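Chemist: Could you build all of it, start to finish, from the sequences and the hints given here?
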Amino acid sequence: MDTTSRPADAELTFRDATEADVDVLVALIESAYRGDSSRSGWTTEADILEGQRTDPEGVLDVIKSPDSRLLTVERDGVVVACCQLEHRGEAAYFGMFAVAPGLQGGGLGRVIIAEAERTVREAWGVGEMYMTVISVRDELIAWYERRGYRRTGRMTPFPYGDERFGLPQRDDLEFELLVKTLGG
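My numbering puts the sequence shown at residues 1 to 184.
Honestly, the hints are just simulated from the structure, not real lab data. Treat the hints with caution; some may be incorrect.
Using C-beta positions, here's what the derived DEER-type ranges look like [stated by the list, open to error]:
no.	residue 1	residue 2	range
1	GLY183	GLY153	33 to 43 Å
2	ALA123	LEU167	30 to 40 Å
3	ASP76	ASP23	18 to 28 Å
4	GLY77	GLY153	21 to 31 Å
5	PRO159	GLU11	18 to 28 Å
Predicted model, so just to flag it, every value in this text is computed and none were measured. Heads up, the beta-carbon is just placed ideally off N, CA and C, and yes, glycines get one too.
Modeler: And the structure:
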(Lines of atoms letter the chains of each structure in order from A; the text may use other names.)
(Lines give C-alpha, C1' and ligand atoms only; values in the text may rest on other atoms or scores of the structure.)
Protein backbone atom coordinates (compact mmCIF):
# COMPACT_ATOMS: atom_id res chain seq x y z
CA MET A 1 0.00 0.00 0.00
CA ASP A 2 1.52 3.32 -1.06
CA THR A 3 0.78 6.01 1.52
CA THR A 4 3.55 8.47 0.74
CA SER A 5 1.34 10.86 -1.24
CA ARG A 6 -1.53 10.85 1.27
CA PRO A 7 -2.03 13.46 3.98
CA ALA A 8 -0.83 12.26 7.39
CA ASP A 9 -4.34 12.29 8.82
CA ALA A 10 -6.03 10.65 5.81
CA GLU A 11 -8.60 8.10 6.91
CA LEU A 12 -7.17 7.48 10.37
CA THR A 13 -9.23 5.69 12.98
CA PHE A 14 -8.34 6.10 16.66
CA ARG A 15 -9.57 3.52 19.16
CA ASP A 16 -8.58 1.88 22.41
CA ALA A 17 -6.69 -1.38 22.04
CA THR A 18 -8.27 -4.65 23.08
CA GLU A 19 -6.75 -7.97 24.10
CA ALA A 20 -7.17 -9.11 20.49
CA ASP A 21 -4.65 -6.43 19.42
CA VAL A 22 -1.76 -7.57 21.62
CA ASP A 23 0.25 -9.53 19.05
CA VAL A 24 -0.15 -6.89 16.34
CA LEU A 25 0.86 -4.11 18.74
CA VAL A 26 3.93 -5.98 20.02
CA ALA A 27 5.04 -6.54 16.42
CA LEU A 28 4.46 -2.85 15.59
CA ILE A 29 6.40 -1.58 18.61
CA GLU A 30 9.28 -3.98 17.99
CA SER A 31 9.44 -3.01 14.30
CA ALA A 32 9.60 0.69 15.16
CA TYR A 33 12.46 0.42 17.66
CA ARG A 34 14.45 -2.78 17.32
CA GLY A 35 16.29 -4.76 14.69
CA ASP A 36 16.87 -4.16 11.01
CA SER A 37 13.22 -3.37 10.24
CA SER A 38 13.42 -0.34 12.54
CA ARG A 39 16.22 1.16 10.46
CA SER A 40 13.77 2.11 7.68
CA GLY A 41 12.27 4.63 10.11
CA TRP A 42 14.04 7.31 12.08
CA THR A 43 13.03 6.27 15.62
CA THR A 44 15.22 3.18 15.74
CA GLU A 45 17.06 2.32 18.92
CA ALA A 46 18.90 -0.53 17.19
CA ASP A 47 22.32 1.06 17.71
CA ILE A 48 21.88 1.57 21.44
CA LEU A 49 19.65 -1.34 22.46
CA GLU A 50 19.21 -4.90 21.29
CA GLY A 51 16.66 -7.43 22.47
CA GLN A 52 13.02 -6.68 23.03
CA ARG A 53 11.31 -3.31 23.41
CA THR A 54 8.18 -4.81 24.93
CA ASP A 55 6.39 -8.13 25.24
CA PRO A 56 2.79 -9.38 25.17
CA GLU A 57 2.50 -9.20 28.96
CA GLY A 58 3.62 -5.57 29.03
CA VAL A 59 1.16 -4.55 26.32
CA LEU A 60 -1.66 -6.50 27.97
CA ASP A 61 -0.91 -4.82 31.32
CA VAL A 62 -1.41 -1.40 29.71
CA ILE A 63 -4.64 -2.50 28.01
CA LYS A 64 -6.07 -3.91 31.26
CA SER A 65 -4.98 -1.09 33.57
CA PRO A 66 -7.95 1.02 34.69
CA ASP A 67 -5.83 4.19 34.55
CA SER A 68 -4.37 3.57 31.07
CA ARG A 69 -5.42 3.52 27.47
CA LEU A 70 -3.41 2.11 24.60
CA LEU A 71 -4.54 4.37 21.79
CA THR A 72 -4.41 2.38 18.56
CA VAL A 73 -4.34 4.05 15.16
CA GLU A 74 -5.59 2.36 12.00
CA ARG A 75 -5.48 3.37 8.37
CA ASP A 76 -7.58 1.33 5.95
CA GLY A 77 -8.18 -1.25 8.69
CA VAL A 78 -4.46 -1.80 9.36
CA VAL A 79 -2.84 -0.86 12.68
CA VAL A 80 -0.15 1.72 11.82
CA ALA A 81 0.61 3.33 15.19
CA CYS A 82 -0.08 3.30 18.91
CA CYS A 83 0.66 5.17 22.12
CA GLN A 84 0.09 4.61 25.80
CA LEU A 85 -1.84 7.22 27.77
CA GLU A 86 -1.88 6.88 31.55
CA HIS A 87 -3.81 9.07 33.96
CA ARG A 88 -1.55 10.13 36.81
CA GLY A 89 -3.31 12.71 38.95
CA GLU A 90 -3.19 16.16 37.35
CA ALA A 91 -1.08 14.89 34.44
CA ALA A 92 -0.99 12.16 31.84
CA TYR A 93 1.95 9.95 30.97
CA PHE A 94 2.68 9.36 27.26
CA GLY A 95 4.62 6.26 26.30
CA MET A 96 4.91 3.18 24.11
CA PHE A 97 4.67 5.46 21.05
CA ALA A 98 5.23 3.61 17.81
CA VAL A 99 4.61 4.42 14.15
CA ALA A 100 5.18 1.80 11.45
CA PRO A 101 8.73 2.44 10.16
CA GLY A 102 7.66 2.90 6.53
CA LEU A 103 5.25 5.66 7.56
CA GLN A 104 7.65 7.63 9.75
CA GLY A 105 8.73 11.07 8.66
CA GLY A 106 5.46 11.93 6.91
CA GLY A 107 3.65 13.79 9.68
CA LEU A 108 1.69 10.88 11.12
CA GLY A 109 3.41 11.12 14.51
CA ARG A 110 2.52 14.80 14.77
CA VAL A 111 -1.16 13.99 14.14
CA ILE A 112 -1.13 11.17 16.70
CA ILE A 113 0.51 13.14 19.51
CA ALA A 114 -1.97 15.99 18.94
CA GLU A 115 -4.85 13.51 19.20
CA ALA A 116 -3.28 11.99 22.34
CA GLU A 117 -3.09 15.44 23.93
CA ARG A 118 -6.70 16.19 23.00
CA THR A 119 -7.80 12.81 24.36
CA VAL A 120 -6.19 13.23 27.79
CA ARG A 121 -7.52 16.79 28.14
CA GLU A 122 -11.07 15.68 27.32
CA ALA A 123 -11.10 12.29 29.08
CA TRP A 124 -9.21 13.20 32.24
CA GLY A 125 -9.17 17.00 32.35
CA VAL A 126 -5.40 17.08 32.82
CA GLY A 127 -3.31 20.13 32.05
CA GLU A 128 0.03 18.45 31.50
CA MET A 129 1.46 15.49 29.63
CA TYR A 130 4.89 14.05 30.24
CA MET A 131 7.13 11.26 29.03
CA THR A 132 10.59 9.85 29.51
CA VAL A 133 13.02 9.58 26.60
CA ILE A 134 16.45 7.96 26.50
CA SER A 135 18.71 10.98 26.93
CA VAL A 136 21.08 10.10 24.06
CA ARG A 137 18.19 10.23 21.57
CA ASP A 138 18.91 13.83 20.54
CA GLU A 139 16.92 13.73 17.29
CA LEU A 140 13.86 12.30 19.04
CA ILE A 141 14.07 14.82 21.89
CA ALA A 142 14.34 17.63 19.32
CA TRP A 143 11.18 16.30 17.61
CA TYR A 144 9.29 16.43 20.92
CA GLU A 145 10.63 19.93 21.61
CA ARG A 146 9.17 21.05 18.28
CA ARG A 147 5.82 19.72 19.54
CA GLY A 148 6.07 21.92 22.65
CA TYR A 149 7.65 19.52 25.14
CA ARG A 150 10.45 20.87 27.28
CA ARG A 151 13.45 19.15 28.75
CA THR A 152 13.48 19.17 32.53
CA GLY A 153 16.98 17.87 33.17
CA ARG A 154 15.44 15.31 35.54
CA MET A 155 17.05 11.95 34.86
CA THR A 156 16.20 8.44 35.98
CA PRO A 157 18.54 5.49 35.56
CA PHE A 158 18.11 3.04 32.72
CA PRO A 159 17.14 -0.39 34.14
CA TYR A 160 20.39 -2.18 33.28
CA GLY A 161 20.07 -5.92 33.84
CA ASP A 162 16.31 -6.01 33.20
CA GLU A 163 16.03 -7.62 29.78
CA ARG A 164 12.38 -6.56 29.48
CA PHE A 165 13.79 -3.15 28.50
CA GLY A 166 16.34 -4.47 26.04
CA LEU A 167 20.05 -5.19 26.06
CA PRO A 168 22.02 -1.93 26.24
CA GLN A 169 24.91 -1.51 23.83
CA ARG A 170 26.42 1.37 25.80
CA ASP A 171 26.82 2.27 29.45
CA ASP A 172 25.57 5.88 29.49
CA LEU A 173 21.82 5.37 29.06
CA GLU A 174 19.33 7.17 31.25
CA PHE A 175 15.85 8.60 30.82
CA GLU A 176 15.09 12.32 30.72
CA LEU A 177 11.70 13.67 31.72
CA LEU A 178 9.99 15.84 29.07
CA VAL A 179 6.88 17.85 29.96
CA LYS A 180 4.26 19.88 28.09
CA THR A 181 1.56 22.13 29.49
CA LEU A 182 -1.59 21.40 27.52
CA GLY A 183 -3.73 24.25 26.25
CA GLY A 184 -7.48 24.30 26.79
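Chemist: Please write out, lowest number first, the hints stated earlier that are contradicted by the structure.
Modeler: Violated hints: 1, 4, 5; rest satisfied.
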